[in-house]
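A.B. asks: Listed below are the residues making up each chain.
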Amino acid sequence: MTSFNTATGPGRGTWISVATITLLAIAIAIANLGFPPDSALHVPDYAVALLGKFLCYAMLAVSLNLVWGYCGILSLGHSAFFALGGYAMGMYLMRQIGTRGVYGNPVLPDFMVFLNYKELPWFWYGFDQFWFAALMAMFVPGLLAFVFGWLAFRSRVSGVYLSIITQAMTYALLLAFFRNDMGFGGNNGLTDFKDILGFDIQTRETRAALFATSAIFLCLFLVITALVTRSRFGKLMIATRDAESRTRFLGYRPEKVKLFVWTLSAVMAGIAGALYVPQVGIINPGEFAPANSIEVVIWTAVGGRGTIIGPVIGAFLVNGGKSWFTGLFPEVWLFVLGALFVLTTLFLPKGVIGTLREGWIAKRGIRTSKHLEDGELALPKPQPQAAE
Amino acid sequence: MTRILALIGLLFALITTPAFADRATLGPIISEFATAKGFKGVEVVIDKLAATGDPEVGNALRALSAGNLRFRRSDGAVFIVTSGQALDPITRETVDVGTDDPEKFKKVRVKNSIRRKISAALSGLTLMSPSIDRRLRAASTIFETADASALEALEVAIKDEQNQDVKAAFEDARASATLASGRDDADKITAVKHIAARGDREALSLLSRFEGQSEGELKSAIANEIAKIESSLAIWANAQNIWYGISLGSVLLLAAIGLAITFGVMGVINMAHGEMVMLGAYTTFAVQEFIRATAPELFGWSLAIALPLAFLVSGTVGLIMERGLIRFLYGRPLETLLATWGVSLILQQTVRSIFGPTNREVGNPDWMSGAFELGQLSITWNRLWIFVFAMAVFAALFFIINRTSFGLDMRAVTQNRRMAGAMGIRTSWVDAMTFALGSGIAGIAGVALSQIGNVSPNLGQSYIIDSFLVVVFGGVGNLWGTLVGAMSLGIINKFLEPYAGAVLGKVIVLIAIILFIQKRPRGLFALKGRAVES
Amino acid sequence: MSNRVTSSMLYLDNVHVAFDGFKAINGLSMILEPGEMRAIIGPNGAGKTTMMDIITGKTAPDEGDVWFDGKHDLITYDESAIATMGIGRKFQKPTVFESHTLEDNLLLAMSGRRSIKTMLLDPGGKAEAQRMNEIFDTIRLGERRKDFAADLSHGQKQWLEIGMLLAQDPKLLLVDEPVAGMTDAETEETARLLREIARDHTVVVVEHDMDFIRDLDVKVTCLHEGAVLAEGQLDSVSADQRVIDVYLGR
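One line per chain: the protein sequences are A, B and C, in this order.
All the letters of the first sequence, read from the start, carry residue numbers 1 to 388 under our numbering.
All the letters of the second sequence, read from the start, carry residue numbers 389 to 922 under our numbering.
All the letters of the third sequence, read from the start, carry residue numbers 923 to 1172 under our numbering.
Covered by chain C, per the in silico footprint, the following chain A stretches (three or more residues, Cβ under 8 Å):
no.: 1; segment: 229-235
no.: 2; segment: 240-249
no.: 3; segment: 253-265
If you are wondering where the hints come from, they were derived from the structure by calculation, not from laboratory data.
Since we're looking at a predicted model, the values are computed, not measured.
Each residue gets a CB set at the ideal place from its N, CA and C atoms; glycine is no exception.
Make a model of the complete structure from these sequences and hints.
C.D. replies: Rendered as structure tokens:
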């Protein structure tokens, strides 16, 4: 007798991905710290910093994939959650500077002294504690997403309308954070960080530790994605994506489904931002730029939305390409990125992983589904589970 | 013999310049500066000079004000001393005084109150100037300084004045001078009413100045008028805000109206719409560069030449986009969004490669520059023309959609594609043309928008979010909705600015729209019925 | 509340709906007793689908009363709440979750378990597996339970949707054109299926296929321009001159 129990844990593919990422991360950390710079096996510091940044981007792409790939919500504002998480961490790092700032004020960060603040604004309280900042890096993006989503999904705003207002949301935050009197450092943002949890943020060991932490969180995110999407709830997410109104007539509330996934995704994006900031050493309002959010979409699309590992591959491919191009032919990069958007949507709508997997399924003679009703793509499904 | 010649010369001078006739009277008065006792004494002399009504005293008074009027200790002769030279106080001819020892001269001392008196006296003198411009300027100086000493000169001048504008200005100035004078309260109250009738900010500040100094009935009359002016100014300020709002609304309308076609009518999410606007602006820039290089006399026509070209450039790019990309993505709005975003990046980089990354300045033809006053409103010509232009574009588009056969085809295709196809309409051709039309209109919007800001490769990015919000806010598929949406967003924005500041005002508007869309997902002017349910 | 309301499964009284002036439903009244199966016929635009939209909460009526199971005023509830109360609907155009397998389609339709927490954590049990096997036997699609719904034929999708209705186990089933696009054999099979279902459910069937309706052998209501034109046994309704004029005669 067939069992159709659904919550059977992450699939084999996810575990392989997680294991690969972990092994690579350990190898890179060892190669960076354990070998002298002149050794052939040495990984230079800048590469570790770059890969750490990519890991955070990958986390952001994974969080976007959860809402877009599985639930059909195309967010053009995910970098807002990322940046809010980043600001929470940045505020902690600012307060760790203490008297080592230019003005030497033990409580007020430099920019506040410069702007004639007399005392710390209330919303900066508590950020001298790491646990509080870490909590806020999840709570603030989560709260924003919850309120925004509650309003949007309840009134059935969906499709491109939703995309446009998510873009307006991040644009509004961009404008707001540019203002000096918001109390977040205005144009310059937060920077000149000194240490994190007592460790000097500049040392190789701290950087390697941040890199490793990012890798661990990325793996965690992949496991969460797999667990959620393979549960019965995950099936409902996909059903909501493909035929939202049909689920209502089965007694489901798609707005609640979306709200849950949306908020979860925002929290994940916030964590990604919080890990990103100590590695790049700055957070400024530019992170809210709508163009950033759309770039995240293309990472996810290139790798393969609706697949577990696709967004990670996409984030590394596109950002790797970006680093390479901007180093060699900076003026060509936007052409490449633009072409990537066009070509991916036209010729590779399932992304690299989706297309590979489809080819593999076709080879195995498994029937694939045809096109879906509302123009969304037939995405790779969880493999039917073999009877045990 | 020399005496006779001198006499003839004097006679001659008498005929040609009446001023010389007064030389005899002016000279002695000017030399009184040497004996004047303290500042009071100096003021008395100034009054005497002003009373002559002779413009020739100007040189001396101006020099006095600048601190250059000095008298010789030995004989009390008065000179203008500047950059080591002594000049005649009336004619400013160089006079040889034989010495440059500064100790031999003493400066006539002045202070700020005296300088004000001098400037009022000077304007009293220029009241008789043959130049209308100078008379007007003199009147406004007296009005602002409220100089009682000019009162009599003004009353004389008003009688002789032929020009109505100048006469009105003189009357304003007289009222102001009356307030400062020692006349009785009845006169002053009449003057207060006269000033108040101007209803502008200058009248307000003048009256406020006198409110403190006066008492009794006069004081309450002034307070009364101040209140009236303030309330009328508040109305004008609102009117000004509405105008700014309409002006911003026109800009939004121009940016969004092409989108109302491509997104509103066709349902295509064109993220490269802003770049169509940008292309139009760069077309204007290129046209102007070409005209400057080849035929500068045509510069006034540059915008008229740029309009059709911009329509063609953006329209062609739109046509290529539709044929080469968008038609493969119909019915897949989210993917259209991504692909057109890609196109927008490519267009931006293309323009950046050709024209450079920096801002380019597009010139304003004469008829687009400057401003005029309408009541208490200040209206710049370029804003006014952009408003007119936006309305014209709106009307033209409205006409095309509702009154032409192409518009009919367009509406037929959007409402029922298969039926339209069955009736012999070439639906794919209509799609392409509609998209080209929307893009072309964005292009001509770019011509107009190049007049109010710098032109850079990022120009489109700054309009795209606003444009989408206008269309969504107004209601998709409804041109009137776009018009009302653009205007109301413009006006709300401008009314918020004074309270919240420009940036925060914009943030508030954005949040308000986000909330509004959630309340009414289909915008202000929503289409109803079963057809839109799906 | 009148006795008719409390004793009925579905009670519609003087319902009106207009779209931009077009009166889709115009004074519709109808009563369905518990356990009854009713066939609805009528020309296109008679308001059949709009009536279902009103019952399932998709469209709010402009005026009139809609009561379910003698106690629920349906006008005050939305689609999800009405579905949970026990009204299931099969759409005119078969609407199944195409990127899911047949199993998963039934699984999502299965009654109970609507909260996010249980859906995330509870893996499901033997009772559900048993029910699913029964349903697959009923709709005769057990062979294809691992296939994706997108790969089914039109008629099979209709059956799958009926299977989903069964899994939902509602008190009242609204079935919109269940045999459209089916072969004669399939149509007969579907009629058998519906009669079987009607043994322990209240069912409303909208159809154009008169042979199928004859097969069902139930009370018939003919709608025209948003109101009831005739009601009764098929023979008497189809003999009604007005029904012949507006519908059958054509």
